[in-house]
Amino acid sequence: MTSAATPSRATALHSPSVGTAVSGVSSARLSVGMAACAALKPVRASDILAQSRRREARWRPGLLAASHSEVFASAQDASGAGTALALARDALAAQARAQRSDPLAEVDDQRQILWVQDREAIRLTGRPYAQGLPPDLRRRVIHVAAKSAQDALFALEEGLRCRDLAFVMGEIAGNPRALDFTASRRLSLAAEKHGVPLWLVRLEASADLSSARMRWRVEAAPSVAPRWNADAPGDPAWQAELFRARMHPPGEWILSDEKGNLRAAEPRKHTAAADIGNLARPTVGRSLAAL
Amino acid sequence: MPTALITETAHGPRIDAVNDLGRAAGAASGMMLADARTLCPDIAVAPSDQTGDLDFLEKLALWAQRWGPWSALDPPDGVLVDVSGAAHLFGGEARLLEDVHAACAARGLAARAAIAPTAGAAWALAHFGARAGNSELILACQDDAMRILADLPVAALRLDPNVLTVLRRLGLKSLGDLAAIAKGGSGLEGNVSEASGRDALKRRFRSKSPTANPLIRLDQLLGKVPEPLLPVIAQTMPLVQRRLMEPIRHRSLLDQVLSDLAADMARELEGKGEGARRLELGLWRVDGEVLVRKLELAAATRDAAHITRLFTNKLEDIDAGFGIEIVRLRASWSEPLSLGQGDIETAAEQHGTSLAACIDRLTVRLGPEAVRRPIPRASHIPERAQVWVPPLEHQAASQGTLEFYRRPLKMLDKAELISVLYASPDGYPQRFRWRGKVREVVRVEGPERIAPEWWRERSSVRLRDYYRIEDAKGQRYWIYRHGLADDGRGGMPAWYLQGLCA
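Chains A and B supply the protein sequences, listed in that same order. Residue numbers for the first sequence follow the working numbering, so the first one is 1 and each next one is one higher. Residue numbers for the second sequence follow the working numbering, so the first one is 292 and each next one is one higher.
None of these hints come from the bench; they were simulated from the model. Small disclaimer: the values here were computed from a predicted structure and weren't measured. A couple of the hints might just be wrong.
As the list claims (entries may be wrong) - Within a straight-line C-alpha distance of at most 20 Å, the following computed SDA-like cross-link-like pairs (lysine to any residue) qualify:
1) A/147 x B/658
2) B/585 x B/643
3) B/764 x A/231
4) A/259 x B/705
5) A/193 x B/643
6) A/147 x B/643
7) B/350 x B/366
8) B/350 x B/394
9) A/147 x B/655
10) A/147 x B/679
11) B/705 x B/661
Given the sequences, and given the hints that come with them, work out the whole structure.
Spelled out as structure tokens, the structure:
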């Protein structure tokens, strides 16, 4: 039933465990389907409720993270790692909010973070830089420089099995043979079993078969100009497309990281600004009075 | 036969020690071997083993604790034992010295021994007492130390050779001479006032280090100044082993032995309240070969299953040959590890692994230099401003960075050369080519000037002007211009791209 209602479901191969979806959401989708069939009937309260639930199912910042997400990005900039880190921190904050009612929960999260890169990813985009990380993560990152994609997958899986990690971040360049559907399924299962989210950045990769619960495609977007210096680069922004997700319909957002808070805006419409050229006439060789 | 022990130095072999015959023939320690050969052509040489000597001395110091509760090393060839209140157990101090001589002679050691109230006096008596003609090698507490030791040479003060040279040139040959000046009074210049002699010595030898200051050494010898000593304390490494009835040749049997050993080791460590940080597994083969596998752990542990699992990865390339007959596991580095309190909610411990176990598994497979943690270091040079340390090391507190420095999320291992188009050499970059693509610079912030660290770099190193830039597609980078056009440290400055901002 879930696969019928989810627009992004392409083949039956992509739905390995249909029954594990959260029941509230799937029932909402079911009622949406019924509402679509009964379009001619007068609108009822249950239909409105279903509509609002459907809107809620749309992804927004502040939701709990999927256990295994992939972020496809170019290796020309750090947008992949930046987005993954912003999404991961947002999910951590959501988790902390959810646990706030629990008096035994840890108030100050000091769990470590495992950041795994394979050699090609290090060569293309470099290593994480402690002083550029968000202040609360600066002393919590453990970095693994794996020689091959196979070693990186091993490190990711070991990290996901560790109960003391906040999340695991991976960066793998290209589509290595080792990262096939089986490997991705192993990662998903390990992440689900131990409750450690995995954020896998795929640099310069095509979206092949994968069991990731959410798959993003991001690229850098022009940042909002800072208030005091409009000529300077502002808070980082990314154009992110959620092109496959288990719980949410696909969509596109402009994500930005404002002082550690993730903001999502509707994407700007691509309007080609007319090039009106240089309005000021050159004054070389002439005095201004001659104009 | 005259024999000398030598070490190879940059100027040729140098003599470390000679035997009595060699000394009689004219060789001395510290002499070049070529010089000694001219004096004594038939001198036999053997390489000296200084680390071996130190090991032996440590063992000797531990063995010497039979005469007193604790002992200290006095390298290269001495041991100090505290026998206060212990001599009566041997029938008095004279009988104790006899016992020392007998015990050393039984082990083939030529020894000189002396007893005195302070370590310095005992050292002086043991090294120079017999030579100076003192038949009495025991200095009792009530004796006047200076009266008995006055004839000993100043070398008995355990001073550096250059200080000894200075003293010899000053004409201060014996302890008596030195003590007379230090005390004031008669001696060389009888009419000098009370304090000025000591002041003169104090001005002459200003060093705070006892080996370079005869006054401190003299006071230590007389017991006026305390002299702390570092005792030798025996530490036994936890060690478990299996001698096998039949040599084993198969992996499955070895795994079984290994898990038994790990369980034994866990029990051994638990008894001592410790956990292992480094483990060494030795496999003795029938043909005499010894295979050793080492394992370093990120945190102290005594979890037998964890140890077994980590070693299993290291036993892949073992060649058993005709069989392995002894397997020995030794914890060469262990740290205190108290018994852990079990979690009330046992499920919390059941699932997953702990962080230390996870790091161990990663380190064993990927190597210790693959798993590290970046931590900030006090430097303005960006690539020096972070240092990679083992992940579970204690992180020293460090000064935070200022908030207005915006740093990139990721930094390239080596800054990449870019070609930049600019309006003026010291102005903003306008366009640049990186990795074969031309990018338009839309927004710039900078420059942030970072000067070279002159206290550790050469004077020709150029400064860097850093710019944060954003191109037309919104990609953000951190680039720098290396130097200024007219700084006289090279030609036109080159541009580099060093960091990728989020």
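Would the pair residue 585 of chain B and residue 643 of chain B pass a check requiring their Cα atoms to be no farther apart than 20 Å?
violated, 26 Å
Below or equal to 20 Å on CA atoms is what counts here, so check residue 764 of chain B against residue 231 of chain A.
Within the cut-off at roughly 15 Å; holds.
Pairwise hint evaluation, residue 643 of chain B against residue 147 of chain A, where the allowed Cα distance is 20 Å at most
violated, 25 Å
If you draw a straight line from the CA of residue 259 of chain A to the CA of residue 705 of chain B, is it 20 Å or shorter?
Distance of about 29 Å is beyond 20 Å: violated.
Check the hint pairing residue 350 of chain B with residue 366 of chain B against an upper bound of 20 Å on the C-alpha distance.
holds, 13 Å
Hint consistency between residue 147 of chain A and residue 655 of chain B [alpha-carbon to alpha-carbon, up to 20 Å]
holds, 14 Å
Does residue 193 of chain A pair with residue 643 of chain B here, judged by a C-alpha cut-off of 20 Å?
OK: residue 193 of chain A and residue 643 of chain B at ~9 Å, within 20 Å.
Between residue 705 of chain B and residue 661 of chain B, does the CA-CA distance stay at or below 20 Å?
holds, 18 Å
Is residue 350 of chain B close enough to residue 394 of chain B, meaning Cα to Cα at most 20 Å?
holds, 15 Å
Given hint residue 679 of chain B paired with residue 147 of chain A - CA-CA distance at most 20 Å:
It holds: about 17 Å lies between the C-alpha atoms, which stays within 20 Å.
Has the given pair, residue 147 of chain A with residue 658 of chain B, been kept, meaning a C-alpha gap of at most 20 Å?
holds, 10 Å
In terms of the numbered hints stated before, the structure departs from hints 2, 4, 6, listed from lowest to highest.
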